Amino acid sequence: MKKLFLTLACIALGGIALAQNAQLPQNITIKALDGTSVQTSAIQNDGKPMIISFWATWCKPCNRELNTIKEVYEEWQEETGVKLVAISIDDARSAARVKPHVDGNGWEYEVYLDQNQDFKRAMNVVNVPHTFVVNGKGEIVWQHTSFVEGSEEELLEVVKKAAMETEK
Amino acid sequence: MKTLSKYLRTIVCVGLILIFQFSVLNSVSAQGIMGGHVTGNIQLDGQISSADSIIGAQDVPEWLLMNARADILYTNGGFSAGLRFEAYQNPMLGFDNRYKGEGIANYFVSYQGEKLSVTAGNFYEQFGSGMILRAYEDRYLGIDNSLRGLNVTLRPFNGVTIKALAGKQRYFWNYADGMVRGIDGEVNLNSIIRCMAESRFRATLGAGFVSKYEDDQTIAFPDNPSYRLNLPLNVGAGAVRMDLAYGNWGLQAEYAHKGQDPSIMNNFIYREGEALMLNATYSQKGFSANVQAKRVDNMSFKSVRSESGEMLYINYIPAITKQHTYAFLSMYPYATQTTGEMGLQGDVMYKIKKETLLGGKYGTDIHINGSIITGIDTNNIGGAGTRGYESDWFKTGDLYYADASLEVAKKLSKAVKLTCTYGYQVFNPVVEGHNGPLHHNHIVVGDLTWKVNKKNVLRFEAEWMGSDSKYDPNVDDKRCGDWIMGLVEYNFTSAWFVSVSDQYAYQDGIGNYYNVSVGYNHGATRLQLGYGKQREGLLCIGGVCRQVPASNGLTFSLTTSF
Amino acid sequence: MKRFSILSLLAAALLCFSACDKIAEDEFVVFAGASGTWYDSQANIPTEQRAFVEKYTGVRCVNCPNADVVLHDLSEKYGDQLVLAAVHVPNNFGKPIHGEQDLRTEKGSTWFNTFFSPSQNLPSALLNRTKVDENSLDIIDPQARFDDKIDAILASVSQVGMTMSCTKDGNLYNAEVHIQFNQTISDPLTMTLLVVEDKIYTTQQSRTADGIVEIENYEQNHVLRDVVTDAWGIDVVADGQQGTKRMILLPFEINEAWNPTNCHLIAFVSNKTTRQIINVAQCDL
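Protein chains in written order, with our numbering: chain A, 1 to 168; chain B, 1 to 562; chain C, 1 to 285.
Chain A on its own, in the form it takes in the complex (with noise of 0.2 Å):
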């Protein structure tokens, strides 16, 4: 047993240890709202930081962080240059939603479907909410799994980071 818990820390260490700043995967097809298939090299901000957020319509505490950072995005925006890319893993069975769910929640991020989830295989996501944050040269410098009321203010000192790191 004490092997065992041994090699639990051992791993989540290692996966600490790993975390290096890959490059965002660059063309892996998703989908934008209106049916047209984008290449995930399409996901730019023009050296200014992202935020990628993968999420689900069925997940309340992806909805809960995409509404509370809808909140605060304008002032984040402005202050950082930061764009928020959410990717939705819905399938077959819920993605004719996402489309009305982003409007009827008023979200002005840029949404995309990974219906296939080949961009959620290729980024390492298990579950949602995992957000990721991403600096001007397409490194990923940040990233967390899990949302609660108050973590945005973590997520906006990364970015301003990032976004710090860019200005340099």
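To be clear, the hints were calculated from the coordinates, so they are not data collected in a lab.
Since we're looking at a predicted model, the values are computed, not measured.
Just so you know, not all the hints are guaranteed correct.
Unchecked claim - The list that follows gives simulated cross-link-like pairs (lysine-lysine, DSSO-like), each with its CA atoms no further than 30 Å apart:
| no. | chain 1 | residue 1 | chain 2 | residue 2 |
| --- | --- | --- | --- | --- |
| 1 | A | Lys83 | B | Lys414 |
| 2 | A | Lys161 | B | Lys454 |
| 3 | B | Lys454 | A | Lys160 |
| 4 | A | Lys83 | B | Lys451 |
| 5 | B | Lys361 | A | Lys83 |
| 6 | A | Lys160 | B | Lys455 |
| 7 | A | Lys160 | B | Lys451 |
| 8 | B | Lys285 | A | Lys60 |
| 9 | B | Lys411 | A | Lys83 |
| 10 | A | Lys70 | B | Lys454 |
| 11 | B | Lys395 | C | Lys22 |
| 12 | A | Lys48 | B | Lys115 |
| 13 | B | Lys361 | A | Lys70 |
| 14 | A | Lys60 | B | Lys411 |
| 15 | A | Lys120 | B | Lys168 |
| 16 | B | Lys285 | A | Lys160 |
| 17 | B | Lys454 | A | Lys48 |
| 18 | B | Lys115 | A | Lys137 |
| 19 | A | Lys60 | B | Lys478 |
| 20 | A | Lys60 | B | Lys354 |
| 21 | B | Lys285 | A | Lys120 |
| 22 | A | Lys83 | B | Lys454 |
| 23 | A | Lys70 | B | Lys455 |
| 24 | B | Lys414 | A | Lys70 |
| 25 | B | Lys410 | A | Lys60 |
Unchecked claim - Just some of the chain A residues that point at chain B, by a computed CB distance under 10 Å:
| no. | residue |
| --- | --- |
| 26 | Thr29 |
| 27 | Cys59 |
| 28 | His101 |
| 29 | Asn127 |
Stated by the list, open to error - Computed footprint of chain A on chain B, listed as stretches where at least three residues anywhere in the stretch have a Cβ under 8 Å from a Cβ of chain A:
| no. | stretch |
| --- | --- |
| 30 | 35-44 |
| 31 | 70-76 |
| 32 | 153-161 |
| 33 | 187-195 |
| 34 | 316-324 |
| 35 | 346-358 |
| 36 | 522-534 |
All C-beta atoms in this analysis are idealised placements derived from N, C-alpha and C, irrespective of residue type, glycine included.
Let chain A serve as the given structure and place chains B and C on it in line with the hints.
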């Protein structure tokens, strides 16, 4: 002793993978010439279970059940290669025991270019909405329909996508005999027709074809044992689809047709299958509505004709009912009846503006949803070895499922948000293969989040379900009866959480599901420990949603990605 | 490159569309080969031993008519004690001439492919499913003393006695086979039922003094039409004790193209593992 050595073996394997990553990473960064990245994710779930017939967690001889998996992905520009290690020693409750064992379950090499993508090895793919082909996985449900073979995608011009694939489906630790081949094309008219480029009218058209080959086998004709079924060795299925949008309006339609496919799923009848799915939406900022309709007739499509159960589906017919996340609302999940069903679903979201009478200071979100699913009309002709039945297209069969829900979410103050939900459900147990009276349930949910200060958040959830069903030991449906539930969750930033919950059948039912969970999140790593009794189903606590198996005792879960 | 890949995708598309079988409604079910249930038999079952010769032949096999002469003589000599079947082989030797009817059968081909290599010389024969010698050509070679081997079988004490009959009910025929264990047999046994037809007239190639000629309206006898059980028979369900008597009723259909008056029904019992034939019986339709 034997089981202990099995765990050790699993651990050693996971360890070896980690060492492998370390060494690859180190050599990469040390030499700096390969320029690739190694990423991956690891997941470990375990249960220390004790028997409890009341919640449906079976008596298991092994005291520790564990599912482990690690995906390792190497990416270098457009090239990537990956493998997945899986270990089930022994499989957790709710997972098929045929998963028992460990090894490399999945591997692939892939090139993703701008105009051409090629994957050899295991791949996941979907044509349209998946009505004729969807190779997918759901790790929490133990479903992995990945195909092992070759998958090619061509994008010769902007707006045109052509996919072709061939492969065999994963079947636990083997691959099924049936060969799956498919081709699919999709055209976005706005991209290829110049004058439509800036049009408010958006249109995407697609069509696909899938064929399955399986060797002949002897299936007796039940009416006369001297005869056997003359089985089609190649079974084809085709689909056409469109996705249209004009301004705020949207319309998606897909029609699929399947050739003769006698199988254990349709009791070996020769009737051809078809499915139609329609979806219309209207949305603008703060208001949206959508209506979905579908009709499915004999559309179970598997790569092995004698496979019953959940494995080896080539296609995927989604349920159009809303996927609820509150415990009682999702207690009776509706599963698509691929052999035949008709359904209608509607969804309206409305945001009452801030600073209005009903909207208050922060506005109010209203979400209304309803659905009704019935069987199709069937006029029997015969059993196996006949066309089976005839069906009047517009006539409905028995009621399978109906629900209606109203959700009102309102921010009461800067710190407090309240969501109230009322739901009504009618559930026919026949969709789960039992006969019995319909269940009628009323459900009320209150969900309150209180942000005490920047770092401390409390969440309270109270649910009630009143049902006309009564627990019957002969049927043993443990969801019957009237229930109440309470949940308190405390979060310290998004790093720590503790939750305590209890579900109790106070009338006409049995069961008391108490649960205490503690979790820790750091970056993309999450560790969660739980103790208590748990139903299988979708669980959303501590800021994450995931499907969980039934359990009784101690559970632990670790996920990390790097 | 682009053109090539588009072309190959089109080819794949065509392949896909052809890869969809459609079965007509009257062909949803097909005859599966007779199968039935074994019962205890009360019949009087003779203990007589008979021998079974299956000749592998073909209409393009120029030496095969010689074998027919030999078989004809053997048949005259042994009468009912010798049961004959002619299996037309799946390779080029058996291919019909001038688009005439095809005498080859699926299950006969299964037998040929199991017992011989594809390049086997013809004519060949099996006596009770035992190769007479390595190239099995001695059916036409007097030196091989084929007669002696048949004599040896007929002189042995039969392990299993057999008798059979056949009745007709509408389009359906019913074979009734009785067997008796004359000694205890512990090995599993199978019983195979087949239909042969005499007096089928086709063109046959033959080697004569003038070279190779085509003989029109050559009389083909004992032609295997179908194995109505599975190619390797159905299991004999019996305890195998000496004195045990079992019977089975097997319904089957015959093809409209066959002439029932020229057809015979053959049943043989063989060892399931070695496939050696233990005894054989024959009756008219």
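Inset, instruction - Report the numbers of all earlier hints that the structure fails to satisfy, in ascending order. - result: none
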